[in-house]
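> Assemble the complex: chain A is given as a structure, and chain B must be docked to it using the hints.
Protein sequences, first through last, are from chains A and B. No gaps in the numbering here: position 83 of the first sequence is 83 in my numbering, and each next residue is one more. Residues are numbered in my numbering as their position in the second sequence, beginning at 1, plus a constant of 117.
Worth double-checking, as some hints may not be accurate.
Listed below are several chain A residues computed to face chain B (Cβ distance under 8 Å; list not exhaustive) [unchecked claim]: (1) G28; (2) S31; (3) A38; (4) F66; (5) G111.
Rough simulated footprint, nothing fancy, chain B against chain A, three-plus residues with beta-carbon under 8 Å [stated by the list, open to error]: (6) 12-18; (7) 72-78.
With a Cα cut of at most 27 Å, we get these calculated BS3-like pairs of lysine-lysine [claimed, not checked]: (8) A:K14 <-> A:K78; (9) B:K216 <-> A:K78; (10) A:K57 <-> A:K78; (11) A:K57 <-> B:K216; (12) B:K185 <-> B:K166; (13) A:K57 <-> A:K14; (14) B:K175 <-> B:K185; (15) B:K185 <-> B:K216; (16) B:K166 <-> A:K57.
Keep in mind that the hints were calculated from the coordinates and are not lab data. This structure is a prediction, so every number in the text was calculated from the model and none was measured. Glycine residues also receive a C-beta, built at the ideal position from the N, C-alpha and C atoms.
Below, each chain spelled out in residue letters.
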Amino acid sequence: GAGVSQSPRYKVAKRGQDVALRCDPISGHVSLFWYQQALGQGPEFLTYFQNEAQLDKSGLPSDRFFAERPEGSVSTLKIQRTQQEDSAVYLCASSGLAGASVTYEQYFGPGTRLTVT
Amino acid sequence: AQSVTQLGSHVSVSEGALVLLRCNYSSSVPPYLFWYVQYPNQGLQLLLKYTSAATLVKGINGFEAEFKKSETSFHLTKPSAHMSDAAEYFCAVTPNDYKLSFGAGTTVTVRA
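Isolated chain A (complex conformation):
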């Protein structure tokens, strides 16, 4: 498809379980972002990749959160030992074709709704 895709769309995890959320960005996009959106709130920045390099992980709430993008395309956000406060929608966005002018415009996927019980 032409847009950003994420899987699974919904995930229910028992407290203490590990989860992995996948993001397929728009083909050719250099930049990839993860955001966390709590219920009734705007998205909050988690981390940013440029190709395979993770340039900013300042928004990751704890060391239980880990993100990777090993080949500069698909990315995975992993949450270890999930807690109830991790319940949120996790949004992935991508932007920036190599060599194109920078516009800072980000294209978002539909998100993964994580519920920790």
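Chain B in isolation, oriented as in the chain A frame:
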């Protein structure tokens, strides 16, 4: 540091009436500003963006926004609301780098 304040978490308008959603920002440098719309169970869709060109920006679905530096505002308007405009709207800012900071959002309901 940059931040965004959206005034009013809920706005209710009649079909055909003006839609006005307020956004004020703070930024240490001239910002790039965006409005996104989010329909239930969907991701964010870009409505329009300000990138230091024209101060009046036209977007999709009949929306427009005006950048006012003196008021540090970027309010979103649509002259005539349609039922399909019912959604949540987010204002976002980035000060010339990659990280978007979002407001808390404004939910729009449209009355028939």
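> Any hints this thing doesn't respect? Which numbers, in order?
Structure breaks hints 1, 3, 4, 6 and 7.
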